Amino acid sequence: MSEGSKGAMSGNGSTMQLLIFKMADREYALNLANVVQIIRVVSQTRAPMPDSVEGMFNLRGRNIPVVDVRKECGLPTKPCELNTALVIARGNDRVMALSVDAVSDVLTLPLTSIEPRTSELAHVWAIGKVADRALFILDPNALLPQSG
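With numbering that gives the first Met the number 0, letter number 116 in the sequence shown gets 115, and the count goes up by one each step, no holes.
Simulated from the structure, these hints should not be mistaken for lab results.
If you're wondering where the values come from, they're calculated on a predicted model, not measured in any experiment.
Mixed in with the good hints there might be a few duds.
Unchecked claim - Derived pair list, reagent style DSS-like, types lysine-lysine, alpha-carbon separation capped at 30 angstroms:
(1) Lys-128 <-> Lys-70
(2) Lys-77 <-> Lys-21
(3) Lys-77 <-> Lys-128
Start from the sequences and build out the full structure, keeping to the hints where you can.
Printed below as a string of structure tokens:
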């Protein structure tokens, strides 16, 4: 478990709070401890960055990379539009904006309902089981490549 994925647990450590969002009719999640805020798309600047980074924007004097989460998850990409949600997330000591289709919920999930990821899903930290649904809990540290 990466450092950024340990927080947002209940006082007794038996549950985890997750921010649920959708992309291409699939549900994904982030540990709420990694979420800084949610905003709508803003003007972006293109910069020489890895392929998964759509651009950069300024948030309170700080340049924030916008990560195309669809591309990282193997989904068809789509351009950011005015209704596209940006989840500002923290991973280790880096802050990034994750471009997602829609934010839908905050959910508290028992740790017994969270299973470790399979090795082929590098950007997925774990899989959460909720009734008949599976939530891919993303690892923000795996979504933004380390800078040179």
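### Query
Regarding the pair Lys-128 and Lys-70, is the alpha-carbon distance no greater than 30 angstroms?
The hint holds at about 24 angstroms.
### Message
Lys-77 and Lys-128 were given as a pair; does the straight-line alpha-carbon distance stay at or below 30 angstroms?
### Response
holds, 28 angstroms
### Query
Given the hinted pair Lys-77 and Lys-21, is their alpha-carbon gap at most 30 angstroms?
holds, 13 angstroms
Violation of the numbered hints given earlier is absent; every hint is satisfied by the structure.
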